[in-house]
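Student: Residues in the sequence shown are numbered from 1 upward in steps of one, following this note's numbering.
These are computed hints drawn from the structure, not numbers from a lab. For clarity, every value in this text was computed on a predicted model and none was experimentally measured. Any given hint could be a false lead.
[Unchecked claim] Derived SDA-like pairs (lysine to any residue); straight-line CA-CA distance at most 20 Å: (1) K128 to P90; (2) K128 to V105; (3) K201 to D223; (4) K226 to K201; (5) K128 to E108; (6) K128 to E179; (7) K201 to V105; (8) K134 to T88; (9) K195 to R168; (10) K134 to K195; (11) K195 to D151; (12) K134 to E55; (13) K226 to L207; (14) K195 to E179; (15) K226 to E83; (16) K201 to A152; (17) K195 to R174; (18) K128 to H91; (19) K134 to R174; (20) K195 to R177; (21) K128 to R95; (22) K134 to F34; (23) K128 to R138; (24) K128 to A152; (25) K195 to L120; (26) K128 to R203; (27) K201 to D106; (28) K134 to M181; (29) K201 to D151; (30) K128 to F155; (31) K134 to E179; (32) K134 to R85; (33) K128 to E240; (34) K128 to S80; (35) K128 to T186; (36) K134 to E108; (37) K128 to M181; (38) K195 to I150.
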Amino acid sequence: MIGWAALLMLQAAQPPALPQIQPPVCGDAEIAEFGLECNIRDACNIFLELAGVEEAGGRIFLSGNFHTGAATLWSLLLVSEDEGRTWTEPHPRLRGIALDDIQFVDAEAGWVSGHVVGALPRDPFLLKTTDGGKTWRRIPVLEESSYGAIDAFRFESRTQGVLFLQRRGEPRQRYQRWETMTGGDTWMLREAGPKPFPPLKPRSTGLRIRTDVRARQYLIERDTGKGYAAVARFPVRFGECRPDPEPAEPPPSPEAPPP
Numbered sequence: 001m002i003g004w005a006a007l008l009m010l011q012a013a014q015p016p017a018l019p020q021i022q023p024p025v026c027g028d029a030e031i032a033e034f035g036l037e038c039n040i041r042d043a044c045n046i047f048l049e050l051a052g053v054e055e056a057g058g059r060i061f062l063s064g065n066f067h068t069g070a071a072t073l074w075s076l077l078l079v080s081e082d083e084g085r086t087w088t089e090p091h092p093r094l095r096g097i098a099l100d101d102i103q104f105v106d107a108e109a110g111w112v113s114g115h116v117v118g119a120l121p122r123d124p125f126l127l128k129t130t131d132g133g134k135t136w137r138r139i140p141v142l143e144e145s146s147y148g149a150i151d152a153f154r155f156e157s158r159t160q161g162v163l164f165l166q167r168r169g170e171p172r173q174r175y176q177r178w179e180t181m182t183g184g185d186t187w188m189l190r191e192a193g194p195k196p197f198p199p200l201k202p203r204s205t206g207l208r209i210r211t212d213v214r215a216r217q218y219l220i221e222r223d224t225g226k227g228y229a230a231v232a233r234f235p236v237r238f239g240e241c242r243p244d245p246e247p248a249e250p251p252p253s254p255e256a257p258p259p
């Protein structure tokens, strides 16, 4: 008879189940909207990209996007309140948007960086929450639509923060340092030049995202002090874009019997 301790060890050794995340819908309308070249025989695979992980208030947050080999389709923001067993989406998926890093300064206040994907990234913004990730508000960094993406950001408190912006359309001011004293609601440009700024020191969150190339999965792993243990896993491939099947022709009407 297996003891309880052995049973718990056996359960812990089993890989976490794949979460039930709704795959993106991608048919005729989406293929036309994103300018994809997909057909019935050669569908366009959809891939998941996970970019940021953070833990706050007993919740785990993940950020990323869905994309094909040619286009970024939608953003993705996930939260788990049961150590990675189940996940929900606290913010709607945004068309053509990539979400990147996540940071919380306490159990309630947090931010996620993002931008519109195109030939050049543009319209950098932050998603901000003050209620532990239940609701999020989108805050643009620039006052007008323009090229740029957030390379990194860091908040020291609920109000004070800094971000590094890269603007490829501005060669003499390509690398910019912005500061906020309003929790990201407003930003002030402090420095700009042609060379990148020194990178921010890495933050230790106790969690990491690792790609398992052989299994074609992302693993969300926790630092146990003696190594890393998986708490969740996600498939890299997440559906496909395929044209809607053409409606079948109705069967011919039966011939009327001869008189």
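Student: Is K128 close enough to H91, meaning Cα to Cα at most 20 Å?
Tutor: holds (11 Å)
Student: Given the hinted pair K128 and T186, is their alpha-carbon gap at most 20 Å?
Tutor: holds (12 Å)
Student: Compare the distance between the alpha carbons of K134 and E179 with 20 Å, and conclude whether the hinted pair is satisfied.
Tutor: violated (26 Å)
Student: Please verify whether K134 and T88 have alpha carbons no more than 20 Å apart.
Tutor: holds (11 Å)
Student: Would the hint linking K128 and R95 be met if the CA-CA limit is 20 Å?
Tutor: At roughly 18 Å apart (the allowed maximum being 20 Å), R95 and K128 satisfy the hint.
Student: Sort out whether V105 lies within 20 Å of K128, counting only the CA atoms.
Tutor: holds (12 Å)
Student: Check the hint pairing K195 with R168 against an upper bound of 20 Å on the C-alpha distance.
Tutor: holds (12 Å)
Student: Within 20 Å, alpha carbon to alpha carbon, are K226 and K201?
Tutor: violated (23 Å)
Student: Straight-line Cα separation of K134 and R85 no greater than 20 Å?
Tutor: holds (18 Å)
Student: Within a Cα-Cα threshold of 20 Å, do K201 and A152 meet the stated pairing?
Tutor: holds (10 Å)
Student: Within 20 Å, alpha carbon to alpha carbon, are K195 and I150?
Tutor: Satisfied, since the Cα-Cα distance of roughly 15 Å is no more than 20 Å.
Student: Within a Cα-Cα threshold of 20 Å, do K134 and M181 meet the stated pairing?
Tutor: violated (23 Å)
Of the hints listed earlier, those the structure fails to meet are numbers 4, 10, 19, 22, 28, 31 and 33, in rising order.
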